[in-house]
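Number of protein chains: 4
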Amino acid sequence: MIKIAYIGGGSKQWARVFMNDLALDEGDLCGEIALYDIDREAAERNRRIGMRIGNCPEARHKWSYTVSGTLDEALAGATFVVLSILPGTFDEMEVDVHAPEKYGVYQSVGDTVGPGGVLRAMRTVPLYEGFARAIKRCCPKAWVINFTNPMSICVKTLYDVFPEIKAFGCCHEVFHAQNFLCAVLHEQLGVPRPDRHELYTDACGVNHFTWITEAKWRNVDVLSLLPDFLQKYYRSGYYSGSLTAEQARTDPFCYNNRVKMDLYRRFGVLGAAGDRHLAEFVSNKWYMSDPRQVEEWGFHLTPVSYRKARQQERIEESIRLADGTQAVQPHRSDEEAVRLMKALLGCGTVVSNVNIVNVGQMPQMPLGAVVETNCVFDSDSVRPVTAKQLPSDVCNLVYRNCVNIETCYYGIKQRNLQMIFESFVNQPLCSSLDMAQARSLFEEMLVGTRKYLDEFYDLQAFLDNK
Amino acid sequence: MIKIAYIGGGSKQWARVFMNDLALDEGDLCGEIALYDIDREAAERNRRIGMRIGNCPEARHKWSYTVSGTLDEALAGATFVVLSILPGTFDEMEVDVHAPEKYGVYQSVGDTVGPGGVLRAMRTVPLYEGFARAIKRCCPKAWVINFTNPMSICVKTLYDVFPEIKAFGCCHEVFHAQNFLCAVLHEQLGVPRPDRHELYTDACGVNHFTWITEAKWRNVDVLSLLPDFLQKYYRSGYYSGSLTAEQARTDPFCYNNRVKMDLYRRFGVLGAAGDRHLAEFVSNKWYMSDPRQVEEWGFHLTPVSYRKARQQERIEESIRLADGTQAVQPHRSDEEAVRLMKALLGCGTVVSNVNIVNVGQMPQMPLGAVVETNCVFDSDSVRPVTAKQLPSDVCNLVYRNCVNIETCYYGIKQRNLQMIFESFVNQPLCSSLDMAQARSLFEEMLVGTRKYLDEFYDLQAFLDNK
Amino acid sequence: MIKIAYIGGGSKQWARVFMNDLALDEGDLCGEIALYDIDREAAERNRRIGMRIGNCPEARHKWSYTVSGTLDEALAGATFVVLSILPGTFDEMEVDVHAPEKYGVYQSVGDTVGPGGVLRAMRTVPLYEGFARAIKRCCPKAWVINFTNPMSICVKTLYDVFPEIKAFGCCHEVFHAQNFLCAVLHEQLGVPRPDRHELYTDACGVNHFTWITEAKWRNVDVLSLLPDFLQKYYRSGYYSGSLTAEQARTDPFCYNNRVKMDLYRRFGVLGAAGDRHLAEFVSNKWYMSDPRQVEEWGFHLTPVSYRKARQQERIEESIRLADGTQAVQPHRSDEEAVRLMKALLGCGTVVSNVNIVNVGQMPQMPLGAVVETNCVFDSDSVRPVTAKQLPSDVCNLVYRNCVNIETCYYGIKQRNLQMIFESFVNQPLCSSLDMAQARSLFEEMLVGTRKYLDEFYDLQAFLDNK
Amino acid sequence: MIKIAYIGGGSKQWARVFMNDLALDEGDLCGEIALYDIDREAAERNRRIGMRIGNCPEARHKWSYTVSGTLDEALAGATFVVLSILPGTFDEMEVDVHAPEKYGVYQSVGDTVGPGGVLRAMRTVPLYEGFARAIKRCCPKAWVINFTNPMSICVKTLYDVFPEIKAFGCCHEVFHAQNFLCAVLHEQLGVPRPDRHELYTDACGVNHFTWITEAKWRNVDVLSLLPDFLQKYYRSGYYSGSLTAEQARTDPFCYNNRVKMDLYRRFGVLGAAGDRHLAEFVSNKWYMSDPRQVEEWGFHLTPVSYRKARQQERIEESIRLADGTQAVQPHRSDEEAVRLMKALLGCGTVVSNVNIVNVGQMPQMPLGAVVETNCVFDSDSVRPVTAKQLPSDVCNLVYRNCVNIETCYYGIKQRNLQMIFESFVNQPLCSSLDMAQARSLFEEMLVGTRKYLDEFYDLQAFLDNK
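Residue numbers (the working numbering), protein chains in the order written: chain C, 7 to 472; chain G, 7 to 472; chain H, 7 to 472; chain A, 7 to 472.
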């Protein structure tokens with residue numbers, strides 16, 4: 007019987023995936039889930055959906071769901087804490103993603119790095135400082151699983167504020183690259199497409215800009231199959247899931263892996279996240295000079311209007327699911343969180359890639375920065391696995407982002423807008439901006455999202471000091 | 007269908023354990039085992055024993071066994087190479103272990119560190135230089151599993167001569183400490199004694215001088231149970247296996263864990279090898295000033311005469327097993343080699359402690375030295391897991407031995423007897439020797455084992471240069 | 007009596023400065039200077055100029071000058087080797103500097119980093135590989151002083167080919183920043199402008215992109231004077247030497263320190279090279295978007311036509327000086343080479359900034375890369391001084407260039423044009439280029455300078471592989 | 007006009023040397039010296055002696071001397087702080103040095119490492135914690151020069167308590183080794199014995215256990231002269247100063263460099279402190295098994311009775327000097343403190359070996375430990391110079407002591423007697439002790455000096471917990 011505190015428990019997507027995975031898991035994990043959200047109504051809906059999932063015939067476990075009135079109430083006595091919030095609203099995200107377009111800077115996601123990532127971090131870090139202090143106060147021994155972006159900077163904040171915290175950040179982007187390699191195995195060797203868990207991959211980097219330096223399937227060196235595979239698919243691209251041409255053309259989350267393949271062609275190691283993410287960590291002149299170039303590289307910009315519309319649909323669906331006018335249909339996801347939680351509870355060993363503070367697993371990156379590598383999960387333990395070295399040119403690209411994130415974090419910690427601005431102008435996506443443009447854009451974005459910033463920063467002094 | 011080259015294939019003990027484990031394993035590993043030994047007759051006997059094991063009803067796999075006339079023949083095309091030799095004979099080991107006694111230096115094992123370890127290393131390294139070159143020549147992609155002592159220096163030699171080698175060293179000593187902790191769990195919590203695989207331990211150090219810095223069983227912090235356990239057993243000692251008082255008193259391999267408990271009491275982390283081994287890495291005044299003190303600490307010196315007698319019995323048993331006058335009775339051991347091999351072939355992920363070159367898994371030890379930590383085994387991959395930091399006083403004890411081993415290795419590599427001697431006098435077991443005694447002992451030991459040394463070193467010049 | 011081998015001994019500028027400094031030095035250094043140049047005539051002219059300098063009344067030492075027919079002849083028995091060559095001719099440099107302009111990439115110097123730096127490195131490294139082998143062969147104990155650009159990559163080549171070499175790279179750019187700080191002291195405190203040797207500066211970085219993190223004059227913290235100084239001069243700029251408005255406007259080597267001051271304003275540490283150099287290590291959108299922006303920042307682009315014209319004048323002057331139709335007028339320079347040489351010969355301790363392999367003096371940069379920091383020069387010894395840490399944002403800018411240089415070097419070493427290209431596209435000066443433009447520019451530059459490349463690289467294969 | 011706070015200003019020896027050096031220096035350093043001592047009378051005597059020195063005809067500077075009633079009064083406004091105290095009295099030192107003799111442990115000095123060093127550290131650290139806090143409070147920008155032993159642990163305390171402190175530790179032991187090498191130059195090359203400042207030495211290690219890895223005089227590799235020199239003097243020993251046979255035999259501070267030469271013979275690098283100190287950092291079986299062996303190695307044990315007698319003489323002399331019945335006769339010493347102070351004030355660059363926190367100057371030692379290497383002194387700046395690597399066997403000896411000191415310090419900081427005891431038993435001088443003896447000795451020493459310990463540690467609990 008365990009207690010899971012779910013912060014951001016009104017989530018329309020992740021919470022539902024998580025509730026399904028918990029209900030369907032064949033292990034014997036069970037207990038209470040305490041939902042907490044500043045949108046209490048949404049948490050309440052999820053509570054009811056969770057109970058309906060537990061009542062499904064497919065459900066193996068019936069978790070009890072509660073809604074907490076305060077953060078501290080949710081955290082009290084928790085074994086696990088899940089952090090999965092939206093910092094600000096989609097209105098702020100609209101500024102993050104679209105304000106830069108006037109300046110010729112396009113972003114496919116805008117929640118990790120690039121101008122949008124910096125502004126989002128400015129809103130997020132102060133909240134996470136509060137979470138870290140609350141966890142220290144209420145459940146210092148709990149395992150904390152972060153799903154929120156910007157991932158690296160969220161995890162960094164938790165450890166910097168409360169160094170003894172037992173936290174890690176989970177992300178599924180590497181899984182997509184593993185699935186891609188499974189497709190490559192199938193294509194090149196004619197074997198049935200293996201499950202990604204049959205592969206061993208050595209992945210490392212910073213979240214959303216990870217690299218697979220080695221991939222083995224039995225005794226097959228999977229990366230060595232890529233040159234032939236690229237002969238066929240480098241120009242056309244390759245969708246590793248099944249989808250219609252219409253979807254490929256219109257779903258803003260789709261991509262045909264051309265960016266990933268191009269990075270392999272250039273560097274000999276595989277970019278190991280969705281192409282939409284990878285493209286945000288390199289010069290905007292490489293893959294996102296303009297919307298046309300984005301299309302050529304086989305991915306899409308994700309307009310926030312799309313997110314808003316989807317969000318509205320999901321809310322409506324939530325209401326139907328909560329009141330029973332639509333039936334819940336639980337199914338298992340490809341996420342690993344539940345698997346990792348079971349390993350932490352002593353049900354076997356799992357190796358998976360997560361985001362955690364660098365204690366030497368990536369000797370090429372600064373100690374203390376948050377990096378993503380394989381880690382061993384076992385009874386109440388997470389230990390990072392040493393990663394293979396990145397080639398020097400790739401290391402350089404990763405290091406630049408890794409230190410940008412450090413600079414950005416320490417700038418936010420000190421509420422030092424000049425220091426944050428330096429991490430802003432050094433974003434690879436800002437490569438095409440001159441200093442005046444960068445400053446003007448930064449100021450515009452500050453103003454656009456100031457509702458969430460004024461409490462923490464002295465914006466006015468910075469804006470006045472031309 | 008794989009090929010395993012077993013070097014030292016006439017082994018009376020390890021080879022048989024290994025053949026049993028292979029035959030009984032529930033996986034689907036199968037193929038050929040090529041035995042090679044300078045004692046061809048012994049290899050031939052093992053071949054016949056291996057076949058008899060395969061014919062047992064309990065056997066799930068029938069491996070084919072061959073005896074190779076040359077090292078290269080054995081290695082050609084191997085998927086795995088097992089190295090398990092006795093460097094020299096028990097006559098030389100008699101000098102290693104007993105010559106120092108005249109000088110008041112006692113050794114419980116004498117094959118790893120201490121005066122015996124240094125001399126044994128001097129015989130072993132030149133052989134391993136040859137193995138490394140042969141592997142490079144015949145099967146450069148094979149996985150090489152070392153069982154020979156001195157473990158660290160054998161693995162070091164392999165990597166130094168052929169840096170691309172895929173080698174690691176397996177040792178069961180940490181398993182004993184894990185079993186001890188399982189007994190502690192049983193004693194203190196009253197739960198049924200768990201299997202050691204249910205524990206997660208963070209073990210690190212150099213082979214035979216490893217330390218458990220964290221041990222978790224489900225959500226139980228196992229080390230935190232030790233203070234109460236020590237209240238009961240620190241003075242009396244505690245045997246973690248079942249054995250008779252007579253065995254405890256007379257079996258030179260038995261020990262009652264007092265050394266291990268004493269190290270925990272002093273340092274707060276658990277010595278994680280057999281007490282016989284642990285005691286050889288610290289000042290001989292701590293646990294082995296004289297035979298009486300050894301008995302007080304609940305372990306035994308292992309006279310080589312005992313090994314010789316046991317060896318003779320084993321040879322006779324081998325003859326009977328080979329010719330069928332004694333029936334083979336295969337049973338599974340607690341060793342991990344077969345489990346690791348299966349992981350390397352792609353049958354799942356295994357985390358286990360092995361000896362491998364330090365690439366950062368122990369940042370407190372020199373890079374390039376051989377250390378023992380957890381490693382992740384998966385398809386054609388071994389990656390070290392970063393270990394928790396040792397307390398500074400323990401780190402100091404480990405570092406001293408780790409660098410002694412490095413100095414000893416480089417001295418042997420350069421055939422520089424002065425440099426080897428410096429690693430000899432700096433052995434903690436030589437703490438009670440003054441320089442003249444140390445020199446005299448070293449010379450005596452050189453002379454006593456010179457049959458195996460003269461080919462490689464200019465002993466005479468060193469002996470003449472008083 | 008020492009022998010100095012001067013490789014590139016036909017130099018029209020550096021050789022003359024060096025001959026003057028040697029002749030006028032008040033120490034008692036004396037001996038032979040062996041000039042070697044592929045333009046033997048130029049070396050011959052310098053020989054005669056050198057003799058004329060020795061005959062001047064001001065000269066304290068009369069060095070003997072010889073012209074060597076071969077590299078080995080020059081090097082044989084040398085105590086010091088000076089390397090000061092032009093890799094290729096100004097025709098190739100014209101391609102280096104001006105070809106990128108069509109693509110909107112401007113370069114103020116074009117000999118260190120940026121597109122020009124990469125191409126120049128491609129010509130230079132193969133020559134330096136030869137120098138390193140010749141030094142190993144002819145004078146392995148000689149001290150080797152490099153003046154050639156690209157500095158870092160020249161020094162890297164020497165150490166990589168011949169690790170025991172005793173080499174370092176000298177550059178005067180930090181001195182200019184020290185002179186600037188002396189001017190600041192004068193301006194802000196009203197004291198007579200001190201000599202730069204009275205300051206202690208902690209400078210570090212990569213050559214031409216060095217940073218002063220601390221500057222002390224007696225008990226004055228000189229950097230702390232900058233905020234007030236910038237109030238006065240940030241907008242107008244400040245020339246630290248005396249020069250006419252006409253010179254400031256037209257001399258392409260002049261700059262008014264606005265870039266340096268801007269870097270200080272942004273990062274709190276001082277860019278410590280000429281502004282023309284500093285600007286080449288950051289995004290071309292910062293200070294060199296176009297010629298107009300360059301002028302606004304108070305420095306100039308240096309057209310190669312200017313260098314050619316100046317070169318012609320210098321040749322003519324050399325002819326007059328050599329044949330005596332123009333009198334030599336020796337005077338001391340601000341260069342440190344002679345001072346460092348004397349320290350190496352045992353005449354006192356000198357601390358000065360030079361370029362040498364990183365052994366830990368800059369823990370933030372990769373070990374083995376060439377960095378510039380203070381070093382202690384004394385009898386036959388150069389030891390790097392540990393530098394203060396750079397702020398993380400500055401460290402990021404330096405690291406990017408440092409690893410670019412490493413990637414570029416290893417690409418050239420392996421004659422791997424794809425790897426060289428990756429270092430090319432990652433140049434901050436190429437920030438505004440998309441991949442197609444970068445590739446097209448790179449190919450154009452390869453073709454433009456192929457006379458010096460075809461011997462070493464398989465250009466055609468690369469050019470064909472679109 | 008500067009102010010120097012001299013803590014321990016009643017010193018009978020160091021203070022006088024320092025006052026002389028200040029008075030005779032040819033620079034233009036002048037100002038006030040504030041003497042502070044718990045023995046105010048002694049400080050008062052020194053004040054009067056200082057004034058008399060200033061009145062001598064030889065004196066170039068007349069410093070003003072004051073006696074401060076409190077530590078804070080002395081420190082207020084100081085430019086420099088000199089720390090030079092005796093922790094406890096010679097009665098406690100008598101226990102430090104002689105209590106171990108009953109257990110067969112002899113100490114030549116007993117104030118740095120070994121049992122005496124640990125006990126002395128236990129008395130000293132709490133005092134230094136107070137000094138660090140007072141300096142932070144009263145003169146945070148002052149340069150702090152430590153002369154007190156145990157040097158490493160004093161400097162460590164200062165930095166650990168007040169990380170921004172500008173402190174270093176000065177010791178003359180390396181100078182003695184430099185003088186020895188000057189004598190070697192004279193002996194082997196027949197040149198006039200050079201001044202030690204003409205040599206360049208690369209010295210590193212921990213205080214009193216430093217090593218010269220390179221020594222150059224002009225272009226001469228001085229260490230390369232040692233093998234021939236040892237042919238002559240290894241057995242007989244060699245006194246590098248002039249002294250009578252009687253002095254050599256009886257002055258307990260004399261030694262004939264046999265230990266130093268033996269270390270060179272064994273390791274190829276030169277032990278670079280007085281033999282009395284070097285011998286304390288290695289197994290007591292090497293050079294100090296018993297008084298006879300000490301004599302054979304050409305040095306002496308220094309009985310505290312000798313120190314007491316000498317102290318008495320010095321007090322009497324002080325009284326005479328203070329009241330004028332004995333004339334002051336100022337002369338310059340070989341100490342470097344005044345030279346370093348002048349460099350810090352901006353009067354030139356000095357490179358000298360001092361003790362400071364490891365920031366990378368010795369990559370083989372733990373960062374944050376106090377090490378001794380060359381440092382560059384210049385205007386308000388001290389920067390460590392990277393040291394050459396020690397051979398692995400020497401590194402091992404140094405590392406053991408370095409980490410012992412760290413463990414001892416952290417044990418004291420935490421008032422953790424078990425942890426202190428572990429650093430005690432791991433002292434090389436305790437090599438011959440078994441655990442029971444070590445414990446018994448440690449307890450005896452605690453009791454013997456408890457007057458200075460009870461305030462800080464819970465001795466009784468430790469003594470009761472057998």
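If you are wondering where the hints come from, they were derived from the structure by calculation, not from laboratory data.
By construction, the Cβ of each residue, glycine as well, lies at the ideal position given by its N, Cα and C atoms.
Mixed in with the good hints, there may be bad ones.
Computed Cβ-Cβ distance ranges for the label pairs, DEER-style [unchecked claim]:
{"#": "1", "chain 1": "A", "residue 1": "V197", "chain 2": "H", "residue 2": "G136", "range": "38 to 48 Å"}
{"#": "2", "chain 1": "G", "residue 1": "S311", "chain 2": "A", "residue 2": "P397", "range": "53 to 63 Å"}
{"#": "3", "chain 1": "A", "residue 1": "V197", "chain 2": "H", "residue 2": "K68", "range": "50 to 60 Å"}
{"#": "4", "chain 1": "H", "residue 1": "P146", "chain 2": "G", "residue 2": "L373", "range": "24 to 34 Å"}
{"#": "5", "chain 1": "A", "residue 1": "P372", "chain 2": "G", "residue 2": "R313", "range": "38 to 48 Å"}
{"#": "6", "chain 1": "G", "residue 1": "G274", "chain 2": "H", "residue 2": "Q237", "range": "25 to 35 Å"}
{"#": "7", "chain 1": "A", "residue 1": "A467", "chain 2": "G", "residue 2": "L373", "range": "37 to 47 Å"}
{"#": "8", "chain 1": "C", "residue 1": "K147", "chain 2": "A", "residue 2": "T72", "range": "36 to 46 Å"}
{"#": "9", "chain 1": "H", "residue 1": "Q237", "chain 2": "C", "residue 2": "I321", "range": "52 to 62 Å"}
{"#": "10", "chain 1": "A", "residue 1": "R298", "chain 2": "G", "residue 2": "S311", "range": "54 to 64 Å"}
{"#": "11", "chain 1": "A", "residue 1": "D257", "chain 2": "H", "residue 2": "P146", "range": "18 to 28 Å"}
{"#": "12", "chain 1": "C", "residue 1": "K457", "chain 2": "H", "residue 2": "S446", "range": "43 to 53 Å"}
{"#": "13", "chain 1": "A", "residue 1": "R298", "chain 2": "G", "residue 2": "E319", "range": "16 to 26 Å"}
Subject to a maximum C-alpha distance of 25 Å in a straight line, what follows is the list of computed SDA-like cross-link-like pairs (lysine to any residue) [stated by the list, open to error]:
{"#": "14", "chain 1": "H", "residue 1": "K222", "chain 2": "A", "residue 2": "R202"}
{"#": "15", "chain 1": "A", "residue 1": "K394", "chain 2": "G", "residue 2": "Q424"}
{"#": "16", "chain 1": "G", "residue 1": "K108", "chain 2": "G", "residue 2": "L373"}
{"#": "17", "chain 1": "G", "residue 1": "K18", "chain 2": "G", "residue 2": "E323"}
{"#": "18", "chain 1": "C", "residue 1": "K222", "chain 2": "G", "residue 2": "K172"}
{"#": "19", "chain 1": "A", "residue 1": "K147", "chain 2": "H", "residue 2": "C62"}
{"#": "20", "chain 1": "H", "residue 1": "K222", "chain 2": "A", "residue 2": "V363"}
{"#": "21", "chain 1": "G", "residue 1": "K348", "chain 2": "C", "residue 2": "V357"}
{"#": "22", "chain 1": "C", "residue 1": "K222", "chain 2": "G", "residue 2": "H192"}
Q: Kindly indicate which numbered hints from before are broken by the structure, ordering the numbers from low to high.
A: Going through the list in order, the structure violates hints 2, 3, 6, 8, 10, 11, 13, 14, 16, 19, 22 and respects the others.
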